[in-house]
Structure formats: C-alpha cells, structure tokens
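Trainee: Single-letter residue listing:
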Amino acid sequence: MLAPLPETRWNFQTVAHLLNRAGFGGPPAQIERLLEWGPERSVAWLVDYESTADPTPDPEWAKPDPERAERLREMREASEEDRRKLVRQNQQEERQHLMLLRHWWLERMSTGPRPFQEKMVLFWHGHFATSAEKVRDAYLMWRQNELFRRMALGNWTDLLLEVARDPAMLIWLDQAQSRKEHPNENFARELMELFALGEGHYSEQDVTEGARALTGWSFDRPTRRFVYRGLQHDPGPKTIFGRTGTFDGRNFVEMVASHPQSAPFITSKIWNFFAGERPSRVVSEELVAEFQRAQGEFKPLLRSIFLCEDFYNPTLIRNQVKSPVQWLVGSVRMLERDLPPALVCFSLTRSLGQDLFAPPNVKGWDGGLSWITTNNLLARYNEAATLVQGDPAPAAGAQLVSNPGANSLLERRLRNARTGGIEVTKLFTDSERSDRAALLAAIERRLLQDQLKPKQRQTLLEFLAARSVLDDRTIRDAVRLVMSTPEYQLA
Amino acid sequence: MSNQSQLRTRREFLRSTVLGGALSWTVPAFLANTIATLQANAADSLVQPVTGKDGNILVVLQMAGGNDGLNTVVPHGNDYYHNARPKLGLKADDLLKLNDELALHRSLTGFKELFDKGELGIVQGVGYPNPNRSHFRSTEIWQTAVDSQRIEAHGWLGRFFDNTCSGCDPTVAVNIGRQMPQAFAAAQPLGVSLETPQNYRFISADRPEGGHMSTEESYRRLNEPESEMSENAGGTISAIGGAATHPGGALDFLERVAMDAQVSSDKIRGIASRTEVQGNYPASQLGNALKLVAKLIGGGLSTRVFYVSQGGYDTHTNQSAAHERLLKDLGNSVQAFVSDMKEQGNLSRVLVMTFSEFGRRVAENASGGTDHGAAAPMFLAGNRIKSGLLGRYPSLAPKDLLQGDLGYTVDFRSVYAGVLENWLKTPSAPILGRSFPLLSPV
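Chain order of the listed sequences is A and B.
Using our numbering, the first residue of the first sequence is number 379, and each one after it goes up by one.
Using our numbering, the first residue of the second sequence is number 48, and each one after it goes up by one.
Next up, chain B with everything else stripped away, as it sits in the complex:
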C-alpha cells in the first residue's frame, strides 16, 4: 500500500467511524492507547474504552455569586434566624419542611421530591478556615482546594487528571460554558469546554462550489498526522513530562492536540445530534447545560467529570424574587436531569455535586438583600448516594458567629476527599495535599 493511499484510508476510517454508526465507533489507535492509559491508571479501571458505560461520573454544579444558604435550607424554627432577617426571613408555612427545624425554600420542589425519594443529600455548613469574602478569591479557593492563604495555579480536578490519566482523551472532562473553570487547570490541561456542540468545531463559511477541497476538508487534512510514524509517536504521550516540555517537541504536542480536537469535535457533535432525552428541563442556561450533559452521557461519551454553572446568586438587593427564581431553576433542572439519568439506566453511576463560593451574611442588609458571608450547604444528587441531612447545621447564636457569618462545620475539602476516594476511586491526599476526614457521598 502506498503511503498516500494509507493516509487516505486512515482519514476515511477516522471520519466514517467517528461520525458513523451509533455506539460502534472505534477510536484511532493512539487515542485508544490514551484511554488504555487512563484505564490502567485509574484505581479500578472504571472507564471502558469503547462506551465508558460503567464508569462513575461526577457532575459539578457551580452556583456562582454566593448562594444564600440560610434561605435555601431554612432553619425555620430558629429565633436567631427570624431576628436577623425581619424582611427576608421565610416562615414555616411557606416552606417545604424537611423536619421540625429545617425546610427547603418553597421553590425547591424539585429537590424536595428527590429528598423524599432518598436521592438528595444536603451537606450542611460547608466552608473553610479563614474565609475570604471576595468572589474572585473565594471561587479560586474552592476551585484549587488549598488553604485560603495559599495560591495554587492548578485546580483540584486538574490535579486529579494529572494524577490519574496523563495524556488521555480530552473529553474525559467536559465543561458546559465558554470558559474552562480553574478547577480543570492542570500541568497537562485536559478537558473540553463548549456552550453548544455546534460551536466546538472548525467554523467555516464554505461556498457551495467548495465541494471538493472545501475549507473544512482542507483544515482536516492539514491537521492530520503526517505519517503513521508520527502517529506512533503519539503513543508516547503518556510520558509528557510537564507543561514546559514534550518529548517530541512543541510541534509534536500541537499535532496531537489538533487531532484530539478534530476527533472530539466530531464525536461530541455526533452524539449530541443523535441522542434524544426526555427530561422536562427549564428553558434556562442551566437547564440547557444539564440537558446537553444528559445527551452526552446517554450517547456514551466516556467523560468522568462534567462541569456546569448557574450564575446570579450575588443577591445584594431585592433578593426575594431573584433567589426564588434561581432556586426554582436549580431544583427543576437537576430533577429533570436525574429523571433522564434514571430513564437511561445511568443514575447509579452519576453524582451531582453543587457548590457556591460562599454563603451570605446571617443578617439581611437594608436593601432587601444579603451581603457576602461564609459557610453554606452543598447538595448531592444521585441514587447511590448518602441521602438526607449530612453534617451539622452551624449555630446561629450571635456568640458563635464569626464577624456576622456562620462558622463552617464541614471543610469543603472533606467533601472533595470523599468524592475522590469513594466516587472517583482515587487516593485524595496526593490531590488535596493532605488527608482530610472523609465526608463520603456514598
């Protein structure tokens, strides 16, 4: 076989297999190799090379802006709460009661239903020592999972990937949104960020006469490995030594990423266009994001971590209506997603975990809102999880507050550690820098 025809065959193989039949796509040699690396490195080989059907999946949901935990999981029987919040305090008869002390905001019907079915866990009073009240800094602390005085460039999920699957398929981590979250920042960055599958591709406005050798066709050819030899060189990628160097040089590295981009773009767009989901998602950014995640999981993308976000929680003024809308969107979106996972038979391998960079002050402000605070709850959703109330609600007694804020009862890194150890099946200390008491999600 001449070199030229070999290349052509290989290219056609790539295209037809990637875009072609439903679940029967096969990955190119060096990608299969990388997935094998992942498989070998992951503690229990959770990801299957072809469909990823058996791997546990983590969906991180960021509630950006600082969610008012007190009006989310409401201590309705607590006088301190009502004293601190004469205007914003929510009354027992207007809430979804969990027990005699706590209730969910009335718009969280979606969460209440999950809670009653044992599919929702509420981790109470999550925070960290020496809390920072800047959105920027506190988000960074949650994303990098280091002590609040320390600066760390790489994210906790990025370090997870650095530790477990150097050189593996970029779709092992998928962010729905435009900007990669810092949680994914890594020495060897992985992950795909997309808002809609249609934008994650080489975009060209080809003329109809383009036909043969369109701009897109040319782009594909320009970005394919030169020869079988350089493809084999791709086999060494698991040996990348760090961000600064690559055994084959920068060009070799770029060629690999260019190929990854092409393959993952075809794969994601293929899956998204042929996978249908049933869930009743709100027509919101979060609803659309979780719907896309449901499609990608249903279509068999071998992703271990998805990341979605919902903004708008920075409720300094006229909080009531805005917060109600946000929580309704949150509860209904997650509920729709959980029902799709159930429908697909995937719920047992999916864990949704929410976080927000901080909670809000115990006392309301004079503008019908709340200012930046500290500890707040996290939510876990799934059917193999520990459901119900986890941890301990922080004390609202004025003497226990720290500069007007709730003290944390659970360090968020305990939750991360539990997720890493018991869900992603990976030792947590190398990733989090030290051991934290595990708050296991399962």
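Just chain A, with the same shape it has in the complex:
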C-alpha cells in the first residue's frame, strides 16, 4: 500500500498541486473549498465524477450522416472536375469542424464540471495519439474522444479492445487496409511498442503473427463504423508470446493486455503524466500491485495516487512544465475568464506547440522540457497578453494551415477576433487594488500559489511604483508580467 498523505500536509500548496495535476488548476476560492473538504472528499469529488452532472451537449455538427453513402456514390460518379470541387468542399468543412471540435473540448476542460475526467481524456489522447491529419474526419475524431471519455477510468483490457476497433484508430494505423494476403503490421506493432508493453518486450514474430490475428477487423466507409470481414480473416494457427493457437483479434489484444509487462508499462506512464517524473522502483511496484488488485480498473489506481504521500513529494510540486493545453486552460480557470474564440485558441495552442487532435506522430507529444524552446517561451509570454489584455493575438501567431502561403483568410479572421481581457474587479478586492504589496501577493497567490524570488518581487513592486495609479491597465500589465516568468510555466 502507498502511504497516505498525512492530514498535516493538506495545505494551500498541496491542494493547488492536486487541482493542477488532476485537473487544470483553479482560482483561490476553489482551492480554499477543497482545503476545507480534506483529502478524501476532494479526491472523491475529482475521481467519482459520475456523481457530478455534466450537461455538455454534443457538438452541433457531430452527427451520423445517413446520406453519406449516397454522397460517396455521387462523388464517385461525378466528373473529375466536379469530384475535385466536392473533395475541396469536404476538406474545408472538415477543417472547420475540427476547429470547432478543438474548441468544444477546450471549453469542456475550461468550464466543465469534471476536470479530472477531461484530464484523463487528454492523457488517453496523448497515449493513443491519433491525428486528424491522416484520419481527415472530424466526426470520427470526436467519436474517439467520446470513447476516451466514456472509458476514462474503465478497465484496461476493455479499453484496448475498444481502441482497436475505433474507426479513427483503424484508419490512423492502417488496420482498415489489412488483408489476409497482406496483413498490415502497423497497429499490431504500435499496440505492443507504444500502447501496452514498450520496446524490448515483444519479438518481430509477435508483430507478424499479431497482425495476422487482427485481419478481418476493418472499417466500413459508408457507415463509418467498425466492421468484421470474415473473409479477410486469417484463421490459421499463430504463435504469439510463445503460445500457439488459431488466435483472432480479440485473443491477441487480450494476450497483450494480460502480458506481465502491461501493468508496469501503463501504470508508470500514468504516474509520469500526473506526478511529472518516472516512478521510483518502490512506487512502481506499489502501483502495479494496486492495479492488479483492482483487476485492471483505473479508478482505484488513480484514487490511490492522489491520496498517497509520494504524489505530494515537495520535489514534484511546481516542477512540471505545463503543456500548452494546460497553460491555456489553467490560465482561463485561474483568471476566471471566458475561453477565447475558437480561432484564437487554435492559433494560440499551435504557436505554443500543441495541436489537439493532431499530435506530431503516433508517439504523441514528447512533453516535459521539450515543450520549451526560446520560440515557444516567447509565444507563451506574448499569448499571456492575449488572455489578460484581450488584445488581438500578437502577430507572432502560428501558421494556421500546413500549406505555407495559404493563410490569408484565416489570418484576417484572426486579426478581427476579439478575445476580451480579464475583469480586474472580479479577481482582486478593493483593498488589493489600492495597495501595491497586497496586489502583488494576490497575483502570486492566484497564479503561482507561491512567491516569486525576492529580486523578481522587487522588480514588480518597482514596476507598480512607477505607475501613478493602480488602474485596470496597470494591474493587467502586472498579471501579464507574472505570466511572463519561468515560474509561471510550471505547475
């Protein structure tokens, strides 16, 4: 058993740590509330999220398309000229839907009532990293996102089975194209290498034979659903992990899920995501034991993690680089402001280096220190102005479409998008707004739950002292400056 956090260490900083890692952070009032609740109740509120209603409606455009088969047929029969036009139209629509999908999810993270569920969805998205760049279907990306939400804290084997039959995944890793005569090994390989076991725990034969077992699992384009094509399945005997049998797709996925390396692999990755570093050997063994006791269910594992003392080790607190999504959503939550419009969010996260639904490759985002380059750091400092002052996004925005030179329309729209600044009177009391030292302390408490270094505090006090009045603009500038420090990039 992992030792529980002693009550004496339940304080403003540790509560903020929990909220930052299990969710996306929160304003001081929320930290105070959890502080009052104590660890058990706070963690239960996060983890047992089913008891919190989430009335978020599905995106308006995300519907099955009953006329799709008909449209595909029309497209096939159209002249080449018309077909190209239809394809272009379709691509434009997909791009638009994808932008709305990103915003729909960011909104859920920023204002939704179940921050931990969304954080788990973000974890699974990075883990089973699937990109719309190849899938090219926003509806399927949404369905995968909903799968992660539905199964966020479910059973490991069930999750792997569902992911293996998920349409976006079938396209992303080419299982849709796998045939008895030419099994495509892409999914079989990544299932073992990246999703469940890690390199060195399977052989090339396991890949080849696993791919044979998976043949028949495919994707039906007209209905956009998983389909089993019996004629494409290779029913012959296969040897996987040294066992021989006429394994099918389900057998193979279950064999991977119950492989001895599977529990250490996934529990370590989860610990790393939430705690910010690889688990020690002792912690890792405890996590595996916990996971096995729970028979591969994630909920008890995550509850134990958030209640254990190791998770609150002082060396972990405020030592994780915020991902761009964490940076945006956390800032929105801590500044108690609206999420900016879809296009602004898209440009912002992209210039910080993270496109939701478009991870760089099947390995997902590297994360950690690799989020930070001189460029991305300056982008964070400049996008802080977007969030705080509500200025139009600075010209240093990201390239909005992958084709250089095809940006102008989106750019014009971006320049015209208005973000709106923070409401100073909502964030700071009258007395904080009339006293420089009190104001600085309030900003630190809200944004860092910690103090800056003496020299930085001195700089900010001098900055405030050089202004004749603490008007809204000065206060906004000061908030933006605190966000423009190395310290703010950590949570």
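There could be a bad hint or two in this list.
Unchecked claim - In silico DSSO-like links for lysine-lysine, alpha-carbon gap of 30 Å or less:
#1 741/A / 512/A
#2 375/B / 463/A
#3 164/B / 144/B
#4 138/B / 375/B
#5 446/B / 558/A
#6 441/A / 463/A
#7 677/A / 647/A
#8 741/A / 558/A
#9 134/B / 463/A
What the hints contain is simulated information worked out from the structure, not anything from laboratory work.
Dock chain B against the given chain A, drawing on the hints supplied.
Mentor: Just chain B, lined up with the frame of chain A:
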C-alpha cells in the same frame, strides 16, 4: 561590489554588448560556454565563438506540396514523357536545355545561370523505398529520415544537434517561418523560428509614460538569472540528460531558455536591422525569407542550419501557370541569395539544398494537373559543390514505373549522409541510424 550592483552591471553589459557595436558583441559567459561546447563537439570546430565566420552553413529549402520533377528537369527528348503528358508536356524549344536529353523549365532562368557557372547541382530521381503518397506522412519521412514504415519523433537535423552540440546557442538553427519544421525536433530542442525579426521578441504596448520600468524593462529583469550562482549553474547545461530531466530541475532549465530567448532576440533583431543586402529578391515569401537569411549570415549570426520553405506545389488542377510562377520564384530567389553570398564573400561556406515530399505522377490527370507521385530531383547550390547532373534520371518506360510513378535512383538519405559527412563534417550513421552510400554535395 554589492550583489545588486553586480546584477545591474551584468544586465547593462548584456544589453549594451548585444545591441551595441557591429561585430564586436561578446556573448555572456554561459553562452560562450555553450558555443565552446559546440566547438569542442563539432568534428572540426567550424563555428567560431564570436562571428561564426568560418563555419559551413546549410540552407534547407522545402518545396512544400510535392513538386512536379518531370516538368522541372524535363526529359524533353523522351517519347514516354510526351505520351504521358499530351497537355502538360513541355517542348524542347520552350525549355532551357542542359543537354540533348534534359532541360530546365523555361522559368528557371535563375537556376540555368547558376548551372552554367558551375554553381548548381541537380540530384536526379531522389526518393525512398515504399514511397508514401500522403503529404503529411511523406513530409514526415523526409524530415525524420527513417524507413517509410517507421515512426520517429525527432528530425534528422534535430538529431544532428543532439549529437554534436547539446546545450549550445539556440540560434545554431534558424527557421524562417512560423512553425518549427519537424526536421528540427530533438530530444533537446534547439533552434529559433521567426517570420520577421520584429515578431521574435517580447511584444508589449508600453505607454510613453512607461519610461522607467516599462513593461519590457520589467520583463527583462524578471527573466534574468537571479544571481551569479545560478548563472554558473548554466555551465552544466551541456550535461542535460534528455528531454525529461534537467540537473537543476525544470525551473533552472526554463531560466536558461528565458535568457537564451532574450539574448537571441536582441541579437537577431540587431543584426537584421543593421545588415544591408544587395540581391534582387522577388517580393515573395521565399524571396523575403532568403533575404533575411542573407542578412543574418552577413551580420555574423553563428547559425549552422537555416530552413526556409515555399508552398503551393500541390498542383492537381491547371498546373501550367501555377508551376511556372513557383519555379520562377524559386530560381530567382536562390539566384539573388547566391549573389548576396558571393558579395559577402560567404558563398564558399554556404550550401543550399532543396527537397519536396514527393514528385508527381508521370501521367497528367484530366484537370490539367498532376497527382501525387514519387521520385523527383533535389537541387544543390553553392560554389564549392559538385555541380551538374548527379545520379541517374529514372526510366519513364511504362514497365519501369511503380504504380505509375518514377522509381527512385538515389535514396534521399544518401544525400543527407553526404551533407552530414562532407559539409557538416559529422559521422552520418549515428544520425541516420545506419550507413548510406554517400552522395557527396562537394
């Protein structure tokens, strides 16, 4: 000296030296240290700490969208070519002839001039096994330089930097554009991406009354190392163990990058604003990008790899006019850049290398365009390079085509290997994963 005045002195030193005199700027201690690391690690210490004047420079030019190689380096005497392209086929008398078989597109006058002077190399039929026809995937394959079935997160240039200069100055790699190309992705990412120097900075709208302690002034102070001690801690950065950890913790790492950002921003903007270039660049995205690269090289930025890109090559419909415009822009931009390099006396240490994620189908389509294909030529420009036609033009005979596409005769990783070994002077196998036959650019 009190701690406070030490800090102030140091800050003023940073500012005045970085923004000040032309080529006499001195780098702060820990940056000099990182450049020394680069120097020690690079096989032949090509980069000089102060001006970088002697180092070889690689300029990568991406032709995004999939360039139609057949209408770029045209096999004008080949009947298969004309049969496959009744509408788009280019006729001998409308081309810039290289020899009896091959010619450049008529709008590539810039390249033709370089070719005649021995300053252009054309690598023919470049591709890779099991070609992928998706823009996304094939670009990724070229950027990461791995076999087409494999996924690799880091780029070939990123791995080059990981191998040769961990912890060195970020301006060792500069991308002109908004998004860092995957080629630069690395375990310890380096490189600066900027569209214009004016955007690569802390942007603030300060009020005139700001004067003392403006927002920008405050940002600078907030992002300086706390003390000489943490500056010294910067000396250990060459020991960064990988993307996930940093000896001094994440904050220490962030402080270093914040300082790097400030210094490189000042440096790049300083150089760009005081360096003049003469070249006659087209008023295009590519022309502007190469003009900026020329300024940065002329001003002495110690960059080893620049990256520029030109988009629009995905010519599925009505290709003729669009392709002509693109190639004209390409040839004229590179020509202007080469002439500036010559003017500066830098041409002998500059190599321009172009690539596109794939060529296009041999047969034209019914919309006056071409669809995604496979092998295509790469161009090399410079005056210390192997000029002329390199490699072998792929066969257009229908029996030799692979699903209607040209088969490759040179693996692009042979070109990369040649560039790494003989231009960047670094063993290529650790970067490319194995040895490839070298196609040396020099």
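Trainee: For every hint, state whether the structure bears it out.
Mentor: Each hint tested on the structure:
For the given pair, residue 741/A sits about 15 Å from residue 512/A by alpha-carbon distance, which is consistent with the 30 Å threshold. Note on residue 375/B and residue 463/A: the hinted pairing holds, with a Cα-Cα distance of about 28 Å set against a maximum of 30 Å. A C-alpha spacing of about 15 Å is found between residue 164/B and residue 144/B, which places the hinted pair at or below 30 Å, so the restraint holds. Distance hint between residue 138/B and residue 375/B is fulfilled; the C-alpha atoms sit about 18 Å from each other, no more than 30 Å.
At most 30 Å may separate the alpha-carbon atoms for a hinted pair to count; residue 446/B and residue 558/A meet this at roughly 28 Å. Annotation: proposed proximity of residue 441/A to residue 463/A holds, straight-line Cα distance about 23 Å (limit 30 Å). Between residue 677/A and residue 647/A, the direct Cα distance comes to roughly 15 Å. Compliance with the 30 Å bound is thereby established for this hinted pair. Annotation: proposed proximity of residue 741/A to residue 558/A holds, straight-line Cα distance about 27 Å (limit 30 Å).
Distance restraint check for residue 134/B and residue 463/A: the Cα-Cα separation of roughly 21 Å lies within the 30 Å cut-off, and the hinted pair is therefore satisfied.
In this structure, every one of the numbered hints holds.
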